Amino acid sequence: GTPEARLRKGTPVLAAQDDVYTNHIHADDLARACLAALWRGRPQRVYNASDASEMKMGDYFDLAADLYGLPRPPRVPRSTAQEALPVMLLSFMSESRRLDNGRLLGELGLRLRYPTVATGLRA
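Residue numbering for the sequence shown follows the numbering used here, beginning at -8 and increasing consecutively.
Some hints could be false.
[What the hints assert, rightly or not] Under the rule of at most 20 Å between Cα atoms (straight-line distance), these lysine to any residue pairs were calculated in the SDA-like manner: (1) Lys0 - Leu112; (2) Lys0 - Met48; (3) Lys47 - Phe83; (4) Lys0 - Arg63; (5) Lys47 - Ala7; (6) Lys47 - Arg66; (7) Lys47 - Asp91; (8) Lys47 - Ser87; (9) Lys47 - Ser70; (10) Lys47 - Gly1; (11) Lys0 - Ser87; (12) Lys47 - Ala(-4); (13) Lys47 - Thr2; (14) Lys47 - Tyr59; (15) Lys47 - Leu81; (16) Lys0 - Pro62; (17) Lys47 - Gly100; (18) Lys47 - Thr71; (19) Lys47 - Thr107; (20) Lys0 - Leu80; (21) Lys47 - Met79; (22) Lys47 - Ser82; (23) Lys0 - Leu76; (24) Lys0 - Met79; (25) Lys47 - Leu80; (26) Lys0 - Gly60; (27) Lys0 - Leu81; (28) Lys0 - Leu90; (29) Lys47 - Asp9; (30) Lys0 - Asp50; (31) Lys47 - Leu90.
[Unchecked claim] Label-pair restraints from in silico Cβ distances: (32) Thr71 - Arg102: 19 to 27 Å; (33) Glu45 - Thr71: 22 to 30 Å; (34) Lys0 - Pro68: 18 to 26 Å.
These aren't lab readings, by the way, just hints derived from the structure by calculation. Treat the numbers as computed from the prediction; the structure is a model and nothing was measured. Cβ coordinates follow ideal geometry from the N, Cα and C atoms, glycine included.
Make a model of the complete structure from these sequences and hints.
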């Protein structure tokens, strides 16, 4: 679902000490990145499709809530989340990665239309 739908359901996010980094890219920018890689990418090259935001999941949903005028989601410790949330949702809270999109921007010459989470959520 959408961030707005998740916020309306009141689904909790991890407490700050347990929170994980997530990566984001607007769907339009992702489509453009795929085309750029197809036409301008070097053979056997990996391109990380991500915007420029370094953001933890809870901060992402706090920002979305603020932009949509909704309450921020409750923060819970990982132990509580493991008991209350579906396995699929927990899987996203189990990995923490920060991708570097330098190749995407530099080698492919892509200029993101939505370079941050905030610009993407406002679109």
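Subject >> Unmet hints by their number, sorted upward, for this structure >> reply: 11, 17, 28 and 32
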